[in-house]
Structure formats: C-alpha cells, structure tokens
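Protein chains: 4
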Amino acid sequence: MGTACTNMVLRQEDFSLAAVYDPFANEKQLNELPQYAGNSVRVYSDKAALVKEIDADVWIDFSRPDAAYENTRFALENGMRPVIGTTGFSSKQLEELTNYSKELGLGGLIAPNFAIGAVLMMEFAAKAAKYFPDVEIMELHHENKLDAPSGTAIKTAELIYEVRGDHPQGHPEEKELIEGARGADYHGMKIHSVRLPGLVAHQQVQFGSAGEGLIIRHDSYDRDSFMNGVALSCRKVMEIDRLIYGLENFL
Amino acid sequence: MGTACTNMVLRQEDFSLAAVYDPFANEKQLNELPQYAGNSVRVYSDKAALVKEIDADVWIDFSRPDAAYENTRFALENGMRPVIGTTGFSSKQLEELTNYSKELGLGGLIAPNFAIGAVLMMEFAAKAAKYFPDVEIMELHHENKLDAPSGTAIKTAELIYEVRGDHPQGHPEEKELIEGARGADYHGMKIHSVRLPGLVAHQQVQFGSAGEGLIIRHDSYDRDSFMNGVALSCRKVMEIDRLIYGLENFL
Amino acid sequence: MGTACTNMVLRQEDFSLAAVYDPFANEKQLNELPQYAGNSVRVYSDKAALVKEIDADVWIDFSRPDAAYENTRFALENGMRPVIGTTGFSSKQLEELTNYSKELGLGGLIAPNFAIGAVLMMEFAAKAAKYFPDVEIMELHHENKLDAPSGTAIKTAELIYEVRGDHPQGHPEEKELIEGARGADYHGMKIHSVRLPGLVAHQQVQFGSAGEGLIIRHDSYDRDSFMNGVALSCRKVMEIDRLIYGLENFL
Amino acid sequence: MGTACTNMVLRQEDFSLAAVYDPFANEKQLNELPQYAGNSVRVYSDKAALVKEIDADVWIDFSRPDAAYENTRFALENGMRPVIGTTGFSSKQLEELTNYSKELGLGGLIAPNFAIGAVLMMEFAAKAAKYFPDVEIMELHHENKLDAPSGTAIKTAELIYEVRGDHPQGHPEEKELIEGARGADYHGMKIHSVRLPGLVAHQQVQFGSAGEGLIIRHDSYDRDSFMNGVALSCRKVMEIDRLIYGLENFL
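Those protein sequence lines, which keep their order, are chains A, B, C and D.
Using the numbering used here, the first residue of the first sequence is number 1, and each one after it goes up by one.
Using the numbering used here, the first residue of the second sequence is number 1, and each one after it goes up by one.
Using the numbering used here, the first residue of the third sequence is number 1, and each one after it goes up by one.
Using the numbering used here, the first residue of the fourth sequence is number 1, and each one after it goes up by one.
There could be a bad hint or two in this list.
The list treats identical chains as interchangeable, and a pair is accepted whether it falls inside one copy or across any two copies.
[Claimed, not checked] List time: in silico SDA-like cross-link candidates among lysine to any residue, alpha-carbon distance up to 20 Å:
#1 Lys127 / Glu248
#2 Lys127 / Gly246
#3 Lys130 / Lys236
#4 Lys130 / Glu248
#5 Lys145 / Phe89
#6 Lys130 / Asn113
#7 Lys130 / Glu143
#8 Lys175 / Asn39
#9 Lys127 / Leu251
#10 Lys155 / His171
#11 Lys145 / Leu94
#12 Lys52 / Glu96
#13 Lys130 / Asn228
#14 Lys127 / Asn249
#15 Lys155 / Gln35
#16 Lys145 / Glu174
Bear in mind the hints are in silico, worked out from the structure with no lab data behind them.
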C-alpha cells in the first residue's frame with residue numbers, strides 16, 4: 001500500500017509529497033528508484049530525523065497494527081494529521097488517541113476500509129432496509145478466500161440489522177432439499193458466499209418487495225480503489241479538529 | 001390504480017377504508033362486487049354526498065389530471081389530507097394548493113412516482129455521483145415503450161447533473177463505428193435505452209472509478225410496487241401540516 | 001394453462017383451433033365466453049364425442065398426472081400427435097407410450113419444461129462446464145417457494161455433473177463463519193437459493209476461470225414464457241414419427 | 001503474450017517447454033532471468049539454429065502480423081504444428097497455409113481470439129437467436145477504448161444476423177428524446193457501448209421474449225484468460241491433420 005499511496009499523492013495536483021518514511025529503506029531519495037526518476041523527495045528510515053527536517057500537514061499510514069498506534073500518536077505529537085488504514089486498534093487505544101487529538105485540535109481519520117464505493121454500498125443498504133425489510137446479500141470472491149461470509153458482508157448485515165431488527169425471511173415452511181441452499185442466516189437475513197477463480201471482490205445487496213426489487217452492488221478490482229478514499233480523507237482531515245473513526249463520516 | 005389502492009387500504013391493519021369514490025360506480029356498497037364480499041364499505045358517485053356522511057383522515061387519488069386539481073382542493077376543504085398520484089399539475093396550481101394547505105395546517109402529498117425503490121435509486125445515484133463522476137445509465141423496458149430515454153432515466157440524469165455538472169466521459173478520441181453506439185449524451189453522461197419483450201421497467205445506474213464500480217439497480221414488475229409508497233405516504237401526511245411535492249421528502 | 005394454450009393456438013397464423021376439451025365445461029361453444037366472442041370453436045366435455053366429430057393433427061395437454069397418461073394414449077389411438085406438459089409419468093409409462101407411437105409412426109412430445117430459455121440455459125451450462133469446471137448456481141424465486149434449491153437448479157447441476165464429475169470448489173481450508181454461507185454442495189458445485197418478494201423465477205449459472213467469467217441467466221416472468229415452446233413443439237411433432245421426451249430434443 | 005505463453009507451458013503437467021524463440025533475446029538460457037531460475041530451457045534468437053537442435057510438436061506464436069505468416073510457414077516446414085494468435089492474415093495467405101498443412105498432414109490453428117469464454121458466448125448467442133429473435137448487446141469497457149462498438153460486439157452481431165436476418169426491434173413509432181438513446185443499429189439489433197474507468201472488457205447479450213429473458217455474459221479481467229484457450233489448442237492440433245481457423249472449431 002505504501003507504493004500505491006506514494007503514487008496517489010504524486011498524482012494529485014493540489015497535494016505535495018513532503019517525504020516518505022520506510023524503516024527498511026536503503027534509499028535516501030525517492031529518485032534513486034527508477035520509476036520515480038525526477039521526484040526529488042527525501043526518504044527517511046528514522047521518524048525522529050524526519051520530523052526535524054520536514055513539515056507536513058498529513059501523515060498517511062497503512063503499516064502493521066503493532067506500529068500503527070505508535071505512529072498515529074507520533075504524527076499527532078508532531079502536528080501532522082493522521083490518515084490511518086490499519087485495523088486492529090483496541091477501543092481503549094481509539095479513545096485515547098481521539099482525546100489526545102481533541103486536546104491538540106488536530107483532525108485525523110482511522111478507517112478499516114477506504115473503498116468509497118464499499119462504504120456507500122453499506123450506507124445505501126442500511127437506508128434501503130427501512131423500506132425494504134426483505135433482503136439477501138450475495139458476496140463473490142476469488143477462490144482463495146478463506147472466510148465465508150466476507151467481513152464486508154457481515155458488516156453490511158449488522159448495519160441492516162440495526163435498522164430492521166429480526167425478520168424471518170422465506171416461507172415459514174420452506175425446506176432445504178440440500179443443506180445450506182438458503183445460505184447463512186443472520187437474524188433472518190440470508191447471506192450467500194460465491195467463490196470462483198477470476199473473481200476479485202464483489203458484493204450485491206438485493207432487496208425485494210411486492211412488484212419491485214432494488215439492488216446495490218459494489219465491484220472491487222484492485223487496491224487502486226482505496227486511493228480515492230485516501231485522497232478524500234487527506235482533504236477532509238484538514239477541516240476538522242479531532243480524530244474520527246470510519247470513512248462513512250466523510251461521505 | 002383505484003382497485004390497487006382499495007386493496008392496499010384493506011390489507012393494512014392500521015388503516016380503515018372509510019369510503020370509495022367513483023363517479024361512474026353502479027354499486028352503493030363495495031360488497032356488491034364478488035371479490036369484496038364481506039367488506040361493507042359505502043361507494044359514492046357523488047363527492048358532496050360522501051363528505052356529508054363520511055369522516056376521513058386521508059383522500060387517496062390517482063385520477064386524471066383534469067379532475068385531480070379539483071379533487072385535491074375538495075379534499076383539503078373537507079379536512080382530508082390528499083395523497084395524489086397524478087402528474088401534470090402546473091406550478092401555479094401546486095403553489096396555490098400548497099398555500100391553501102398551510103392556511104389549514106393540513107398535510108398532504110402530490111407525487112409523480114410512488115415506487116419507493118425508484119425514488120431511493122435516484123437519491124442514492126445523486127449521492128454516489130459526488131464521489132464517482134463517471135456514470136452511465138442503462139434503462140430497460142418492454143418493447144412497446146415509445147420514448148427513449150425513459151422519464152425516470154432523464155430525471156436521474158438531471159439529479160446527477162446537479163451534483164457533478166458537465167463532465168465529458170469516454171476517451172476524447174473515441175469513435176463510433178456505428179452511429180449511436182455510445183448512447184444518448186446528457187452533459188457528458190451516457191444513457192442507453194434497451195427495449196425487449198418480456199421486460200417491464202428496469203434501470204441500472206453504473207458508476208466507475210479506478211479499480212472499482214458501483215451499481216444501483218431498480219426493477220419494477222407491476223403496479224403493486226407503488227402501493228408501499230402510497231401506504232407510507234398516508235401515514236406521513238398525518239404528521240405534517242402542509243402539502244409537499246415528491247415522495248423523496250418522506251424517505 | 002388451458003387458457004394460455006387456447007390463446008396461443010388462436011394467435012398463431014398457421015394454426016387452427018380444432019376444438020377444446022374440458023371435462024368440467026358448461027359451454028358448448030368457445031364464443032359463449034365473452035373473451036372469445038367471434039371464435040366459433042366447439043367445446044367438448046366428452047373425449048369420445050370429440051373424436052367422432054373432430055379431426056386434429058395435435059393434442060395439447062397440460063392436465064393432472066392421473067389424467068395425462070390416459071389422454072396421451074387416447075390421442076395416439078385417435079391419430080393425434082400428443083404435446084404433453086404434465087410431469088410424473090413413470091419410466092414404464094413413458095416406454096410403453098413411446099413404443100406405441102413407433103408402431104403408429106406418430107410424432108409426439110412429453111416435456112416437464114416448455115420454457116425454451118430455461119432449456120437453452122441448461123444446454124449452454126452443460127457445454128460451458130467442459131471448459132469451465134468451476135461453477136456456482138444462484139436461483140432466485142418469490143418468497144412463497146417451498147423447496148430449495150429449485151427443481152431447475154438441481155436439474156442444471158445434474159447436467160453439469162455429467163460433464164465435469166466431482167470437483168471440489170473453493171479453498172480446501174475455507175471456513176464458514178456462519179453455517180450455510182457457501183450454499184448447498186452438489187458434488188463440489190455450490191447452489192444458492194434466494195427468496196424475495198417481487199421475484200418470479202430466475203437462475204444464474206456463473207462460471208469462473210483465470211482472468212475471466214461466463215454467466216448464463218434465465219428470467220421467467222410468467223406462464224406466457226411456456227407458449228413459445230408449446231408452439232414450436234406443435235410444429236416439430238408433425239415432422240417426426242415417434243414420441244420423444246424433453247424439449248431439448250427440438251432445440 | 002510471450003511471457004504469458006511461457007508461463008502457461010511451464011504450468012501444464014503434460015507439456016514440456018522445448019525452447020523459447022525471441023529475435024531480440026540477450027539470454028541463451030531461460031534461467032538467466034531471475035523469475036525462471038531452475039528452468040534450463042534454451043532461448044534462441046535465430047530460427048534456423050533452433051530447428052537444428054530442437055524437436056517440438058507445437059509452435060506457439062503471438063508475434064506481429066508481418067512476422068506471423070513467415071513463422072507459420074516455417075513451423076510447418078519443420079514439422080511443428082502452429083498455434084497462432086496473430087490477426088491480419090489475408091484470405092490468400094490462409095488458403096495457402098491451409099493447403100500446405102494438408103499436404104504435410106499437420107494440424108494447426110490460427111485464431112483471432114483465444115478467450116474460450118468469449119467464443120462460447122458468441123456460439124451460445126447465435127444458437128439462442130434461433131428462438132429469441134429480439135436481442136440487444138451491451139458491451140462495457142475501460143474508458144480508454146477508442147472504438148465503439150467493440151470488435152467482439154460486432155462479431156457477435158454478425159453471427160446473430162446470420163441466424164435471424166433483418167428484424168426491426170422496438171416499437172415502430174419509438175422516438176429518441178435524446179439522439180443515440182437506442183444505441184447503434186445493426187440490421188435492427190441494437191448495440192450499446194459503455195465506457196467507464198475500473199472496467200476491463202465485458203459483454204452482455206440479452207434476449208427477450210413474451211414472459212422470459214435470457215442473458216449470456218462474458219467478463220474478461222486480464223490476458224490470463226487467453227491461456228486456457230492456447231493450452232486447449234496445443235492439445236487439439238495434435239489430433240487433426242490440417243490447419244484450421246478459429247477456436248470455435250475446437251469447442
């Protein structure tokens with residue numbers, strides 16, 4: 001994700017890449033790498049050295065969970081607004097970082113998912129469920145995915161459940177001729193997980209009512225899809241004065 | 001639509017059918033019709049007679065444009081909240097009826113479209129366009145539809161245009177090998193109209209961005225789909241104190 | 001189905017409706033029913049009377065299983081080619097009727113499904129499975145359907161199985177976080193049954209392979225869809241000299 | 001495509017990579033390239049040298065049109081069955097190469113498209129058109145595609161046209177409120193070209209008839225999708241005794 005973020009910042013006309021931090025970097029300058037020839041941007045393997053020499057508005061971070069808490073705190077301490085794509089913060093850590101950001105009056109975002117399309121899909125699904133309590137979720141992924149349903153499908157089901165509560169679906173006397181045909185049951189809602197080679201990450205939330213249907217579908221083809229959300233977040237954290245959790249707050 | 005509305009009111013547990021108004025009715029009681037055996041509800045062919053004998057909260061009306069203005073005014077005058085599914089009111093008529101409803105402090109709704117799913121589709125599409133300026137609309141209807149694009153497709157495009165403005169799509173040097181391949185152009189947005197036997201009324205709004213796609217689709221199979229919106233509106237007009245225009249205001 | 005068949009025969013320019021047989025009919029002429037005014041076609045409640053007075057090429061029959069065997073035999077005996085849409089014939093009955101038709105040199109068809117689109121979907125799916133062994137079936141029906149998966153889905157899976165045999169799909173270590181997420185398992189193939197109001201009868205057969213996907217989908221909206229298959233069959237039985245089983249033999 | 005082919009041959013258990021031919025190669029051995037460490041396969045920049053030292057059953061070639069004719073002839077001369085993915089052969093060249101292959105009794109294939117899914121889609125579409133003359137094609141590609149409709153869409157339309165001929169679709173009095181809404185017209189069939197970022201190459205052939213619909217859809221995500229077709233062809237050319245044109249002949 002570091003490379004994707006670097007490229008995204010370089011592509012945005014109103015952004016300027018202040019520096020790159022990589023604890024394992026061998027380079028001192030980005031342009032030592034052939035694909036970045038012409039980009040004279042400093043690369044640091046030491047955070048302390050970085051903040052001495054560099055002044056930046058935003059700190060973008062997709063590092064591992066163990067480093068992310070430390071880095072988020074470090075960014076705030078040094079006046080940089082964190083935009084963090086790491087999952088696994090504890091509630092206590094989130095509370096502490098949020099309080100600290102409020103004291104400093106610094107904006108910031110921690111988000112488990114930066115795909116704007118996926119976040120919109122979930123928001124729309126939750127809204128539609130107010131009027132369409134009957135809904136099934138189909139999520140389709142490549143054949144190497146281990147968990148079924150996907151995390152996004154479960155998150156979507158939770159959001160819909162908050163709106164409509166328990167609601168048994170299908171005919172009360174329906175019968176599975178082959179076990180599992182009706183999918184996973186989440187408070188009456190059914191979730192179906194398809195796994196096929198060639199697929200990447202797709203989800204369809206399908207609502208039905210007398211005489212009509214409503215479908216909200218998100219297709220994710222590659223990690224590029226996260227970068228629009230990261231760019232949006234970099235702009236939005238400049239306008240707020242505390243750390244928030246979840247990209248949906250910016251949409 | 002009269003029959004569909006009658007059945008809807010009878011089906012709702014918290015509704016009570018006060019009376020039926022049909023200027024051409026031969027019956028005096030609904031139960032003179034075999035399918036309504038057991039429903040002793042008065043049928044009136046004369047509005048004046050109706051209001052003398054009947055007290056109702058809501059007046060549901062899907063009549064022809066020439067009768068609808070008259071009826072809406074009549075409903076307000078007699079203390080009934082109008083829920084009107086007729087199109088073709090002039091701006092002047094709408095303004096006048098709205099002002100009159102305010103004076104009386106009576107709620108009401110005039111809406112060109114009561115399909116909740118279609119209204120949500122348009123709302124979601126307009127919101128998604130903020131983050132996904134690249135969008136094409138495919139609308140699919142039965143082969144006897146005369147106009148292309150459909151009214152709903154044009155309305156959707158207008159709502160998206162309000163959000164994203166002009167935005168040329170496709171490659172600047174793209175070339176139609178057969179004229180019309182790229183569809184209708186609405187401020188850069190493309191609209192495609194499919195007409196096939198077997199279809200009813202369907203619309204897919206498809207957004208694309210680097211590495212991801214978002215699709216919002218509505219399928220309408222029959223007029224039953226309007227009845228959920230009418231039922232919702234009957235409940236909502238009880239809570240407001242003026243006439244409004246458009247079902248989206250209740251969602 | 002009797003009404004649908006009657007209407008279909010009347011609509012085809014090269015067909016002529018010889019007579020209608022209905023054991024419970026009160027009418028003697030079709031034009032006693034208001035919707036058939038102008039169609040002077042005899043209606044019989046007695047088969048024996050019918051064959052004395054009427055000469056017909058084809059006998060169309062969608063009656064109940066107990067009557068169907070009797071009627072098929074009766075049609076052949078009287079020189080009419082049977083086109084039968086009833087399920088539930090025993091193998092022995094089918095064999096006996098087939099042999100009898102051969103003796104007489106009379107064509108005929110017994111078919112459990114007259115939807116040409118559904119039959120093509122199954123044929124295409126079986127062919128595609130030769131090159132795409134990874135496949136999942138999603139079938140979507142109205143919320144009052146009792147059985148899952150649908151008969152068509154199971155039939156499709158059987159046809160695919162004949163081509164590709166056993167083939168475990170998904171990651172060997174995949175794990176259902178909620179039971180049933182991965183659907184029904186048929187020799188490694190997964191089948192997912194969606195039930196929602198507003199839907200009629202739909203099936204999507206989805207194949208995946210490295211870098212590509214192939215989808216075959218059939219949507220059935222009403223019984224009209226069977227009539228093209230019945231009309232086709234009436235023409236085809238005139239060209240053959242024995243009874244056959246299954247519409248796929250005519251496609 | 002050279003790399004993709006090399007990897008495909010190495011992955012197939014029943015294939016053995018005899019040699020690699022690249023007129024611009026610097027290497028003499030494939031294992032001089034880090035990703036092929038351990039694969040001791042000769043690399044030739046000279047065809048003449050290759051055939052002196054190497055004995056192979058099949059010659060796979062995706063080179064430029066000007067080289068492809070020469071190479072195909074060369075392969076046949078040296079007893080190798082050509083599998084050629086280059087377009088742009090003239091009819092005269094194809095005839096000459098086919099005749100030459102017959103003399104030698106050597107199998108071979110020249111194909112403009114090796115995506116099995118796309119070839120099946122076209123075959124199924126042509127068959128379905130016999131029973132469903134009403135059809136529209138939607139093809140969806142990335143926003144940098146210059147031509148609309150795509151070559152595959154036009155090829156599909158041609159195949160359908162061969163089956164159903166001219167057939168005006170839509171209502172005779174239908175009217176485009178915005179020009180182009182009804183798409184490109186090909187003998188009455190409509191073709192719609194969608195261009196959006198995030199998309200790769202997709203095509204949906206949609207048939208409609210009274211009460212039913214049939215959809216055949218192909219999604220192509222990357223060039224990997226061609227390799228199954230190349231592998232299949234390498235096996236099939238061993239079983240035939242002449243050069244043929246078009247992957248459909250092997251399906």
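Hint-by-hint comparison with the structure:
no., hint, verdict
1, Lys127 / Glu248, "both (13 Å within a copy, 13 Å between copies)"
2, Lys127 / Gly246, "both (17 Å within a copy, 18 Å between copies)"
3, Lys130 / Lys236, "between (29 Å within a copy, 14 Å between copies)"
4, Lys130 / Glu248, "both (18 Å within a copy, 14 Å between copies)"
5, Lys145 / Phe89, "neither (23 Å within a copy, 43 Å between copies)"
6, Lys130 / Asn113, "between (24 Å within a copy, 18 Å between copies)"
7, Lys130 / Glu143, "between (34 Å within a copy, 19 Å between copies)"
8, Lys175 / Asn39, "neither (64 Å within a copy, 36 Å between copies)"
9, Lys127 / Leu251, "both (14 Å within a copy, 9 Å between copies)"
10, Lys155 / His171, "neither (26 Å within a copy, 22 Å between copies)"
11, Lys145 / Leu94, "neither (29 Å within a copy, 45 Å between copies)"
12, Lys52 / Glu96, "neither (25 Å within a copy, 68 Å between copies)"
13, Lys130 / Asn228, "between (29 Å within a copy, 12 Å between copies)"
14, Lys127 / Asn249, "both (15 Å within a copy, 14 Å between copies)"
15, Lys155 / Gln35, "neither (38 Å within a copy, 39 Å between copies)"
16, Lys145 / Glu174, "between (30 Å within a copy, 7 Å between copies)"
The structure is inconsistent with the numbered hints 5, 8, 10, 11, 12, 15, although it conforms to all the rest.
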